[in-house]
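Protein chains: 2
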Amino acid sequence: MKGNVLIAQSGGPTAVINSSCCGIIQEVAKHKAGSTGVYGAINGILGVLNEELVDLNKEDASTIELLKQTPSSALGSCRYKLSDNDYDRLLNVIEAHDIRYCFFIGGNDTMDTADKVDRLLKEQNWESCVIGIPKTVDNDLVETDHCPGYPSTARWLAIAVRDAGLDTRAIYTSDTIKIIETMGRDSGWLAAASALARDGDFSAPHLIYFPERPLHPDKFLADVKEVYSQLGYAVLIVSEGLKGEDGTPLVESKAELDVDAFGHAQRGGVADYLCHLITDNLKLKARFDKPGTIQRVSMACASEVDLEEAYEVGRKAVSEALAGKSGQMITLLREPGDEYRCSTGAIPLSQVANRSRFLPDNFINPDGNDVTQAFVNWLEPLLSPGLPAYAHLRGSMVDKKLDAFH
Amino acid sequence: MKGNVLIAQSGGPTAVINSSCCGIIQEVAKHKAGSTGVYGAINGILGVLNEELVDLNKEDASTIELLKQTPSSALGSCRYKLSDNDYDRLLNVIEAHDIRYCFFIGGNDTMDTADKVDRLLKEQNWESCVIGIPKTVDNDLVETDHCPGYPSTARWLAIAVRDAGLDTRAIYTSDTIKIIETMGRDSGWLAAASALARDGDFSAPHLIYFPERPLHPDKFLADVKEVYSQLGYAVLIVSEGLKGEDGTPLVESKAELDVDAFGHAQRGGVADYLCHLITDNLKLKARFDKPGTIQRVSMACASEVDLEEAYEVGRKAVSEALAGKSGQMITLLREPGDEYRCSTGAIPLSQVANRSRFLPDNFINPDGNDVTQAFVNWLEPLLSPGLPAYAHLRGSMVDKKLDAFH
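Respectively, the protein sequence lines represent chains R and Y.
First residue of the first sequence? That's 4 in this note's numbering, and the numbers climb one at a time after it.
First residue of the second sequence? That's 4 in this note's numbering, and the numbers climb one at a time after it.
Extracted from the complex, chain R is given alone in its bound form (with noise of 0.2 Å):
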């Protein structure tokens, strides 16, 4: 190898944005020359524009194999978008370090970035190969099966919603219907990973809804009656960017947030919107569970699957790098048949900068508040080990010898 590398993460962090990150390192430990500098940017592209840079060659070689087991990411993150002004002190930075290989981790908007370097890089003349590694839960990439992240937070969630789902059935006597918001203020992919929950018939979750469709209040409120009606109680799912029939959020994003950064904007979010909606209209008791960025860097409940993904993905971009292929994300294709089965891809990365991909339509139910088998058939792989199978009595009862009470 000619130069030296650099590792960047930027976006929300996952439970296994570090396994790429180590991924990266391995792969280029069997390839790179004595002098071969391997740096960290601190705090994603901002670390390249402050010239903050680990040396990850000081690192021991068992701190790097731990980062597989370790959630979130490891040399900070940023939401940053890269501007003109920015890309003099870029090129200092990467000439001044001779930096000539750029591993970017992250999604949509990081993608962009590497885009914009790898742009910059290539019209300065500048021998170099940037490639982008995908990385986020809301698994909203183009051009990827998923991304790495995703099957983790859908795992987390897929056992959070049948724990939950237990803990309501349980006492619903004084809770009756629960809330739980995931993140996803685009897509409902995460929402419905919870569908993964169900082990029998009537488990939650019993309705899920995605931005993907707009919510009509009183098709809400009968949806709720009518699970409520049928079980005494219900446990709903829904994304934190739901919107409304006018096609704007319920409640207002974190995107509107950063524009009035001190408003009130959050208050709640959509779960507790909801519970309010059903309290005043269906008299009935409702609360929430938002599990917030805890949902998103579990790696108690993270996919093996996952996990090894991340791991490979970090490979293949050095495989990439070391073919010459600048300008490229990797991507997760998986392979027809019916054991699962995934390889890596690459793809220009100016094919998936700042373009979002949605639940498509055969993955949701024609209501709009539940996922499809189709769904089901999709996801279930990513969820490696599977869920743990808990105990479901059969129920039978004793013969009653009274008169009912009261």
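Simulated from the structure, these hints should not be mistaken for laboratory data.
No experiment lies behind these values; they were computed from the predicted model shown.
By construction, the Cβ of each residue, glycine as well, lies at the ideal position given by its N, Cα and C atoms.
One thing to keep in mind: the hints can contain errors.
Stated by the list, open to error - Simulated DEER-style distance windows between Cβ atoms: (1) Asp-283/R - Asp-87/Y: 32 to 40 Å; (2) Glu-383/Y - Ala-392/R: 24 to 32 Å; (3) Phe-205/R - Ser-359/Y: 51 to 59 Å.
Said to hold, decoys possible - Some chain R residues flagged as far from chain Y (calculated, every beta-carbon gap over 12 Å): (4) Ala-36; (5) Glu-98; (6) Arg-103; (7) Asp-166; (8) Leu-210; (9) Val-308; (10) Cys-345; (11) Arg-358; (12) Gln-376.
What the hints assert, rightly or not - With a straight-line cut-off of 35 Å between C-alpha atoms, the simulated DSBU-like cross-links for lysine-lysine are: (13) Lys-125/R - Lys-5/R; (14) Lys-404/R - Lys-328/Y; (15) Lys-404/Y - Lys-61/R; (16) Lys-61/Y - Lys-404/R; (17) Lys-328/Y - Lys-403/R; (18) Lys-33/Y - Lys-5/R; (19) Lys-404/R - Lys-35/Y; (20) Lys-403/R - Lys-84/Y; (21) Lys-35/R - Lys-404/Y; (22) Lys-33/R - Lys-404/Y; (23) Lys-125/Y - Lys-61/R; (24) Lys-5/Y - Lys-403/R; (25) Lys-33/Y - Lys-404/R; (26) Lys-328/R - Lys-404/Y; (27) Lys-286/R - Lys-246/Y; (28) Lys-228/Y - Lys-84/R; (29) Lys-125/Y - Lys-403/R.
Fit chain Y to the known structure of chain R by using the hints.
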């Protein structure tokens, strides 16, 4: 054994309450006659009053065994305070089904129920044994070292706060103050448990607030400001039941909600309230995670010690009953010495019912915004197998070659 056995679960579900149920069933199986009925009351004491009993002898042994790994209350639960009007009916059901052993698994309200049932049956000279088995994530039962259920939720919180702390640190350029709201309306045992998340200098949580100490807004804001100026971010833990300077809850509690069942009292909760206090006064962005019921029923993060002890208190209840010791609650007694060991004991129900145990003064720091090392030492052995170890980069910086940017 003479007559039949009744098991009831009540109060909030936990990860390990079914483990106690399994302990009772499996221990009874060793002693029961062929004709002994083993009945599970559906939804606690309500199942007795309504004569809704499940025949647990008709369940497969493998299902009973799987209860050890099944969260929530398999028999259902309730929050129902027995009144004098219920006593005749209660007696009728118990006599009709020849129930001679009653096992009530729950918290201090449940112990009140058990105590009342015990007194009633003694008054009526109905030969029987009533035993209480402790269970509550709130850890607020007196006369026991700790309550089964608490170590598992404590472990869940410690892991979640460690993970969320790494998340907040990584992405602090966009999220500066993170507040995580734990359960605990009256006591701070769960909020305190988050301290075990720490695995290095400056790691989360940075501040912890308990219902045992009134929250002074100015002092709170000064605390937050100090951490923020040192680290550039902060992770705060707050009990849902935080109280203001006048001793009343900062936001209306569930108890008040039950009076005004359809009011808007729970809007957002205390974490949301404090987010706005921070935003309004310090002009910092603040967000909250409110894991809610998910924290109390997670089998994935359950403590091994807790699962085992929950099973043992169930077994111990049976041996006490067989020894004819009615009117007792089983306790956990920590043995002196460096190595953690707990044995089981028993104490009269009347000494436990309706009483609450708060965090003692020596577990809260003088500032009222953190725990002490004594608390950490007390809790640590209950979280087996400990917390996962995460990678910490040495973070040796590459020498800068350029002037600062901007």
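Cross-check of the supplied hints:
Between Asp-283/R and Asp-87/Y the Cβ separation comes to about 37 Å, which falls inside the hinted range of 32 to 40 Å. Between Glu-383/Y and Ala-392/R the beta carbon distance is about 31 Å. The supplied range of 24 to 32 Å therefore holds. Between Phe-205/R and Ser-359/Y the beta carbons are some 36 Å apart, a value that contradicts the proposed interval 51 to 59 Å. Distance check on Ala-36/R: its Cβ is at least 17 Å (rounded) from any Cβ of chain Y, clearing the 12 Å threshold; non-interface status holds.
With a least beta-carbon separation of about 10 Å from chain Y, Glu-98/R fails to lie farther than 12 Å from that chain, contradicting its non-interface assignment. The claim that Arg-103/R lies off the interface holds: its Cβ sits roughly 15 Å from the closest Cβ of chain Y, which is beyond the 12 Å cut-off. Not every C-beta of chain Y lies more than 12 Å from that of Asp-166/R, the closest at about 4 Å, which undercuts listing it as non-interface. At the 12 Å boundary, the C-beta of Leu-210/R stays outside the reach of chain Y, the nearest C-beta of that chain being 17 Å off.
Listed as outside the interface, Val-308/R is consistent with that label: its C-beta sits roughly 17 Å from the nearest C-beta of chain Y, beyond the 12 Å cut-off. Every CB of chain Y lies more than 12 Å from the CB of Cys-345/R, the least distance being 25 Å, so the non-interface label holds. Under the 12 Å C-beta cut-off, the non-interface status given to Arg-358/R relative to chain Y holds; the minimum distance is some 22 Å. A cut-off of 12 Å between C-beta atoms confirms that Gln-376/R is not in contact with chain Y; the least separation is 26 Å.
Taken as a hint, the Lys-125/R and Lys-5/R pair is honoured in the structure, with Cα atoms around 17 Å apart against an allowance of 35 Å. A C-alpha spacing of about 29 Å is found between Lys-404/R and Lys-328/Y, which places the hinted pair at or below 35 Å, so the restraint holds. For the hint linking Lys-404/Y to Lys-61/R, the alpha-carbon distance of about 19 Å falls within 35 Å, and the restraint holds. The hinted pair formed by Lys-61/Y and Lys-404/R meets the criterion: a straight-line CA distance of about 19 Å does not exceed 35 Å.
A threshold of 35 Å between alpha carbons decides the hint, and for Lys-328/Y with Lys-403/R the separation of about 29 Å falls inside it, so the pair holds. Of the pairs offered as hints, the one joining Lys-33/Y and Lys-5/R is violated, with about 73 Å between alpha carbons and a cut-off of 35 Å exceeded. With a C-alpha separation of about 23 Å, the suggested pairing of Lys-404/R with Lys-35/Y holds against the 35 Å cut-off. Taking the CA atoms of Lys-403/R and Lys-84/Y, the gap is about 23 Å. The hint holds against a cut of 35 Å.
Using a Cα cut-off of 35 Å, the hinted pair Lys-35/R and Lys-404/Y holds, with the two alpha carbons roughly 23 Å apart. A hinted pair counts as satisfied when its Cα atoms are at most 35 Å apart, and Lys-33/R with Lys-404/Y qualifies at roughly 28 Å. Distance restraint check for Lys-125/Y and Lys-61/R: the Cα-Cα separation of roughly 73 Å exceeds the 35 Å cut-off, and the hinted pair is therefore not satisfied. Straight-line distance between C-alpha atoms of Lys-5/Y and Lys-403/R comes to about 21 Å, which keeps the hinted pair within the 35 Å bound.
This hinted pair checks out: Lys-33/Y and Lys-404/R have alpha carbons roughly 28 Å apart, not beyond 35 Å. Annotation: proposed proximity of Lys-328/R to Lys-404/Y holds, straight-line Cα distance about 29 Å (limit 35 Å). Distance check on the hinted pair: Lys-286/R and Lys-246/Y sit about 28 Å apart at the alpha-carbon level, within 35 Å; holds. For the proposed pair Lys-228/Y and Lys-84/R, the alpha carbon gap of about 28 Å is at most 35 Å, so the pair holds.
Pair hint Lys-125/Y plus Lys-403/R holds up; C-alpha atoms about 25 Å apart against a cutoff of 35 Å.
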